[in-house]
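Q: For this one, chain S is given, so just place chain B on it according to the hints.
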Amino acid sequence: MAIDTSAPSPTVSPTLRVGRRLRDDRRYALIFLGPSVLGLALFTLFPTVMALVMSLFNWPVFGNRTFVGLGNYARLLGDPIFRQVVLNTCLFVVLYVPLNVVVSLGLAAWVSPKIKGRSVFRILFFIPVMAPIVANAMVWRLMYQPGGLLDSVSQSVFGVATPSFLASSATAMLAIVVMSVWQGFGYNFLVFSTAMDQVPQEQLEAAAIDGANGIQRFRYVTLPMITPSIFFATTLTLITSFQVFAQPFLLTTGGPGNATQTLVLFVYNEGWRFLHMGLAAAAGWVLFVIIMGITAIQFLGQKRWVHYD
Amino acid sequence: MRRFRRSRGVAGIVVAGLIAIACGSPAGTPQASNPQASAPQASTPQASAPAPSEVSADLTFQFWIGGDADKKAWETVTAVAMADHPGIKITVKGNPWPTYWTRIGTQLASPTSPCIVGMQSLRLEAYADQLVPMDDLMAKYKVNPSDFDQSILNGLKHGGKQVALPYDFGPLIIFYNRDRFKAAGVAEPKPGWTLDDFKAAATALTTGGKFGFTTSSIDQEYLSWVLDLSGAEVLDAGGKLALTSPAFVDGYKQYVALMNSGITPPGSGGAAGYTGYLAMLSQFQDQTAAMYVDGPWMAISNKAVKFQLGMATMPAGAGGSKHYTAGSGFGISKQCATPEAAFQAIVSMTSDTALKGLASVGRAYPARPAVADAWYTAADIQGARETLEYADAHSVPLLTPPNWVEAAGYFDNYGFQALTGELTPEAALQTVQDQGSLGN
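Chains S and B, in that order, give the protein sequences. Quick note: the first sequence uses the working numbering, first residue 85, plus one each step. Quick note: the second sequence uses the working numbering, first residue 243, plus one each step.
One chain only, chain S, in its complex shape:
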């Protein structure tokens, strides 16, 4: 077998070779990154900037566009309905995010030990995430409505009719939050469950030998070790919950009155139903700024409670 033992060409110094490799690497990196950078620029950066430009115009779908400066923003801030829309969205976030994290963390902790049928539970809890949200919402609508599942069960067991959950301003948002938690906790559950599986057994055993009970082991060993996952999950859940749309759109269309209209639903209505693109873009930017601000605060705050070692 012929083995090539020839030395590298004496004309190419090692420094030059490293430099060429770096240049090659950069070229390859550019080739590989190109499509995604282009995609990002085309489908994310351009629409974001375009929305900012549109938000400064009275931009009907048909007819003349006129520059109004911050007029759309002023109109939104002066509109009692829009203020309620922002409050509705915040109410949804404040109710949904903690509930989602508590439920998913609780269930992940519950299936964390090697209990029987663990994989079955994992699949069961993840099914709502995979099922189309339209079908989920319609099934929940059938459960909530007068004469629906909840009402019938309540009447036959307690002899009392339930209120019409989606028809009353007092209960509609709660009903949407409950449905959303059911629909959405499976994803965080999987994240937490996987993170808990990574917690070294010996540390848990050491804590147990030191006399820590189950709750203490969870609080002082498991929880600190899964904080990166909790940070990841809460950040993403917070962002997506500010963008909630499908559930109120399908369950209540924002009603009764304005009780469940959220920011994205408002953007959708103004832009697509009522064809006021400028106003919709301005509302979209208000949402963008809120999400950016809160995510920035989360990233700044993570140093205090997220442990990466």
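Any given hint could be a false lead.
Here chain S is said to cover these stretches of chain B; the calculated rule only asks that three of the stretch's residues, wherever they fall, bring their Cβ under 8 Å from a Cβ of chain S [claimed, not checked]:
1) 385–399
2) 426–434
3) 612–623
4) 649–657
5) 660–668
Label pairs and their in silico Cβ distance ranges [as the list claims (entries may be wrong)]:
6) B:VAL638 <-> S:ALA125: 52 to 60 Å
7) S:VAL121 <-> B:ALA479: 44 to 52 Å
8) S:LEU233 <-> B:ALA546: 23 to 31 Å
9) S:TYR392 <-> B:THR354: 45 to 53 Å
10) S:GLY118 <-> B:THR354: 26 to 34 Å
Okay, the calculated bits of chain S under chain B, using three or more residues with CB under 8 Å as the criterion [to be verified]:
11) 114–128
12) 242–256
13) 331–339
These aren't lab readings, by the way, just hints derived from the structure by calculation. These numbers were taken from a predicted model, which means no experiment stands behind them. For each residue, glycine too, the CB sits at the ideal point set by N, CA and C.
A: For chain B alone, kept in the frame of chain S given last:
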């Protein structure tokens, strides 16, 4: 994995079912029902369609379409146009009713806009600026306006110009359950019956957990009643939204009070807007309620119920009998590169032949009175002819302001609160009046 696939399959079936349910659509929309629509054929010589021409174009027809059966029925209508004009090819595209109206605005503004679009009289004003005025084309191709029902022809005008040609129309009337009337010993309504007759009948029919009437928060319901009770319309003399005019407030308060007088199921269907409309429809069809207001386009799908169906006029209020007329037609997008070809296609699609085909399978009450008989024969419903003829004679076109799409959208939700008692009628109207003009 098998479990996953199965669950998704089940979910898929659920979604397909829901989409099928969602095919029902209010106000001027034919229902997905009878697939055996008439076979395509060229317009007959006595019909008003022009002689075959050499025009050549590839057109898209965008319409509200509930499913495959619905699409096939509309393809038989476009087939009439293609038979009249061998050079014209028409592709039918569509979305279900609620989605149609969230997409058509941006579609009309896009350079790739469909040439022929479905347009409903109540929603016309919001899109009329994007439609080609047809008056010159009508003169050029000798389309006789008097061949069409005048109320719906006027309902599809914008600024005095015809922007769509109608295929169907209908006064909003009351559908009733004849079996329930018989069982309760209540005389069936006659054309021109009065508000007191209606109240007495609805009260007598409200018994044993069943109700005399049902309603929902969509526009065709409250507008019909307000017109009936106080004579008020949504426009003021200047053509602007006038929901807070004393007459409208008075009519709306009477309507809410009437609906909450015990004659309708409590909770107003538990939902606002289109979902509430579907709830109202199912309350009528499952016999929970004995009467409701809708257009003749719902006659055929209502005939599928397990009881004898009747049709009655709106009861005559203080100002006598008044009925709104709504309906739909076809318009041409201003983005269309071949508007003349599109117009010729529309002429064929609204010809006697096409409308007779639609009427004979009961799909649309024809906008051409000459072929109305085909619809009556197909519908075969007690009181249909007397009711529709009487209502038509006492009808006014339902004219709406350009911002009606917004106002009606808000009205869906706030009107629902007024019906459930969460808001006073005055507060609901004031909010809708304010919000309806937010973006304008």
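Q: All the hints need checking, so say for each whether the structure fits it.
A: Right, here's what the structure says about each hint:
Counting residues of the region 385–399 of chain B whose C-beta sits closer than 8 Å to any C-beta of chain S gives 0, which falls short of three, so the coverage hint is violated. Residues of the region 426–434 of chain B with a Cβ under 8 Å from some Cβ of chain S number 0, which does not satisfy the need for three, so the listed coverage is violated. Three residues within the 8 Å Cβ limit are the bar, and the region 612–623 of chain B against chain S gives 0, so the coverage statement is violated. Counting residues of the region 649–657 of chain B whose beta carbon lies closer than 8 Å to any beta carbon of chain S gives 4, which reaches the threshold of three, so the coverage claim holds.
With a threshold of 8 Å between beta carbons, the proposed coverage of the region 660–668 of chain B by chain S holds, since 3 of its residues qualify and at least three are required. Judged by the Cβ atoms, the range 52 to 60 Å given for VAL638 of chain B and ALA125 of chain S holds: they are separated by roughly 55 Å. Distance hint check for VAL121 of chain S and ALA479 of chain B: the Cβ-Cβ separation is about 59 Å, which falls outside the suggested range of 44 to 52 Å. Separation of LEU233 of chain S from ALA546 of chain B is about 26 Å and conforms to the stated range, judged on CB atoms against 23 to 31 Å.
Roughly 50 Å separates the CB atoms of TYR392 of chain S and THR354 of chain B, a value that falls within the hinted 45 to 53 Å. The hinted range of 26 to 34 Å is satisfied by GLY118 of chain S and THR354 of chain B, whose Cβ atoms lie roughly 29 Å apart. Counting residues of the region 114–128 of chain S whose beta-carbon sits less than 8 Å from any beta-carbon of chain B gives 0, not enough to reach three: the coverage restraint is violated. Under a criterion of three residues with beta carbons nearer than 8 Å to beta carbons of chain B, the stated coverage of the region 242–256 of chain S is upheld, 5 such residues being counted.
With 4 residues having a Cβ less than 8 Å from any Cβ of chain B, the region 331–339 of chain S passes the three-residue criterion, so the hint holds.
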